[in-house]
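K.L.:
Model the full structure from these sequences, guided by the hints.
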Amino acid sequence: MKKLFGVTLGILTAMGGFVDIGDIVANSLTGARFGMSLAWAVVLGVVGIVLFAEMAGRVATLSTRGVFDLVRERLGARVALLNLGASFFITFLTLIAELGGVALALQLLSDVNYVLWIPLVAFLAWLVIWHVRFEPMETVFGLLGLVLLVMAVALWKLSPDWSGLWHQASQPAVTSGEGHPTYFYYAIALFGAAMTPYEVFFFSSGAVEEKWTKSDLVLNKANVYIGFPLGGLLSLMLMALATIVLLPRSIGVDHLSQVALPTTMALGKVGLAAMIIGFFATTFGAALETALSCGYTVSQYFGWQWGKMVRPREAARFHLVVLCSIIVAVLVGVTGIDPIKVTEYSIVLSAAALPLTYFPILVVANDREYMGDKVNGWLANLLGSVFLVLLVVVALATIPLMIVTRAGS
Amino acid sequence: MRRIAASALCLLAALLAGCVKTVSPARTFDAYEHKAKNTAEAVLSSVETARLTARLASRGDTFGPFTSVSISEAEEGAGHAQTIFESVQPPDRHADRLRDELSRLCTRAGDVLSDLRITARRGELDRLAERARPLRHIARRLDAFIREHE
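Each protein sequence line maps, in turn, to chains L and S.
Quick note: the first sequence uses our numbering, first residue 135, plus one each step.
Quick note: the second sequence uses our numbering, first residue 4, plus one each step.
By construction, these hints were calculated from the structure, which means they are not laboratory data.
C-beta: ideal position from N, C-alpha, C; glycine also.
Check the hints yourself; a few may be wrong.
[Unchecked claim] Ranges of calculated distance between the beta carbons of each label pair, as one might list FRET restraints: (1) L:G470 with S:T110: 42 to 50 Å; (2) S:R125 with L:C458: 43 to 51 Å; (3) S:I121 with L:L261: 34 to 42 Å; (4) S:D114 with L:V526: 50 to 58 Å.
[As the list claims (entries may be wrong)] Partial selection, computed: residues in chain S whose CB lies under 8 Å from chain L: (5) T31; (6) F32; (7) A34; (8) E36; (9) S48; (10) T56; (11) D64; (12) F69; (13) V72; (14) E76; (15) V91.
P.N.:
Structure follows, in structure tokens:
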């Protein structure tokens, strides 16, 4: 049973990475606009994150150091500071969006304006970070997010034209009325969402928090190979449901409530309740991940003591960064800024910062001084190099596409 | 280091400039027609969302708060799209006619959506499908408008 629960770090990380508020809306939105023709971007993202998260987990386990610590060592203090600025900004934007996302889920249950929920949600997030140990935290929210698997039942009940969906996914084409720049903008958004840097910061720091040793490398693989593909599968289900129900009705997705409609159509109140619980669990889990990642990145860069496992008095600066990030996120959130728009921008911007995060991981994963005989094999290096080239292309294309398409509009 | 920081700031400024969605003017009929088509698509999306929500609510498949939120968001979405479109100056008389046609459709949609929102907030969920019936015709008209101006 302990081994079974051992994969919850990967599940929680993947839930946050693949089905946070931005992904929930982005996957549904792309399904409603492009059908399944962008499924390849999710699949590509899953392969990329599996590859690099496995490396990051292995590096963190063997070196007992967080990814950002190694980023600074390999890139030098100056370039790493730029990377810190970009990564922290993106993670912080995501934190704002996630707090808003949890509030939006509560609004669907209560009809009370989401802005009023934000301070309460933030307090709850801080309370969990402060009081709950790492393992129960990841187990509860990782497993609760699995409620979203109700979408599989909804898909089956809607009895779609499976061959049509497969055809759209396997022979992607730009939908009529949509331009190529917009198509590729959303492809980058989905790819960036799958490979968002805070996932590896959180996952590798979690491995250090849980004090993984060389014998836990199997657990690392299980987490990565089960958690992330599961997150990707949920993303594809969101896309498929939108393709089946929303696309034929010309419904474009701008709100969380629209994402729940296909499952509600198939399963009624039970489906709706499961979707809202799933939205709450995954966005709350992502809020915890991003708040902690804010603390992890800053503390690891400056070489401070960090971690939930360390007594707060000994890691005071880490906890201060987490607390201040949450407070400032609340202040921004209560201005009424649209959490969905914030996260859409954050996932696209994260695509621009990807090479700086993943390059040092690939380098250290080949360093025998840290890794001993557990350095990358030829296949991991080949795939890692191909992905790095792809990440550079994506990073260069992101901002021009964002400007040309006016953020996909 | 300063150069890197300056480049990052320039990039951020360019990004913000690109992302801010201002209402750009329409100098030609074609540009205005394109904006009209986009507005009709946004309103159609809101109308269809409300229709689906109303149908599910009348079947007893949704909760009251969810229904109320979903329909309110649809109403806001349609209203927002209409306001933005109406703030654009029509370039000629031909565009005036287009503006009148679409505005009438949007206003009718807005009226029905308001009515649905009020009904949903009163908890009369079983009456929503009946109240949403006029939206079917409006959706058809919007769809025809979109096809005509593609």
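K.L.:
For the hint 43 to 51 Å, verify it against the beta carbon of S:R125 and that of L:C458.
P.N.:
44 Å, holds
K.L.:
Let's test the interface hint: is any C-beta of chain L closer than 8 Å to that of S:T56?
P.N.:
For S:T56, the interface hint holds, since the closest Cβ of chain L sits about 7 Å away, which is under 8 Å.
K.L.:
How about S:T31: closest beta carbon in chain L under 8 Å, or not?
P.N.:
19 Å, violated
K.L.:
Determine whether the Cβ-Cβ distance between L:G470 and S:T110 falls within the hinted range of 42 to 50 Å.
P.N.:
Violated - the Cβ-Cβ distance for L:G470 and S:T110, about 26 Å, lies outside 42 to 50 Å.
K.L.:
Go through the hint on S:V72 and say holds or violated, using the shortest Cβ distance to chain L against 8 Å.
P.N.:
OK, holds: S:V72 within 8 Å of chain L, min 6 Å.
K.L.:
The hint names S:A34 as touching chain L; please verify it with the least Cβ-Cβ distance against 8 Å.
P.N.:
14 Å, violated
K.L.:
Given S:F69 as an interface hint, is the shortest Cβ-Cβ distance to chain L below 8 Å?
P.N.:
Since chain L brings a Cβ to about 5 Å from S:F69, closer than 8 Å, the hint holds.
K.L.:
Using Cβ atoms only, decide whether S:E76 comes closer than 8 Å to chain L, and label the hint accordingly.
P.N.:
5 Å, holds
K.L.:
Given the range 34 to 42 Å, decide if the beta-carbon distance of S:I121 to L:L261 lies inside it.
P.N.:
Since the Cβ atoms of S:I121 and L:L261 sit about 38 Å apart, the hinted range of 34 to 42 Å holds.
K.L.:
Is the interface hint satisfied for S:F32? The criterion is a beta-carbon contact with chain L at less than 8 Å.
P.N.:
Result: violated, 20 Å to nearest chain L Cβ.
K.L.:
Holds or violated: S:E36 as interface residue toward chain L, Cβ cutoff 8 Å?
P.N.:
This hint is violated: S:E36 lies away from chain L, its Cβ roughly 14 Å from the closest one there, beyond 8 Å.
K.L.:
Taking the closest Cβ pair, is S:D64 under 8 Å from chain L?
P.N.:
Given a least distance of 4 Å, the restraint on S:D64 holds.
Consistency with the previously given hints fails for numbers 1, 5, 6, 7, 8, 15, ordered from lowest to highest.
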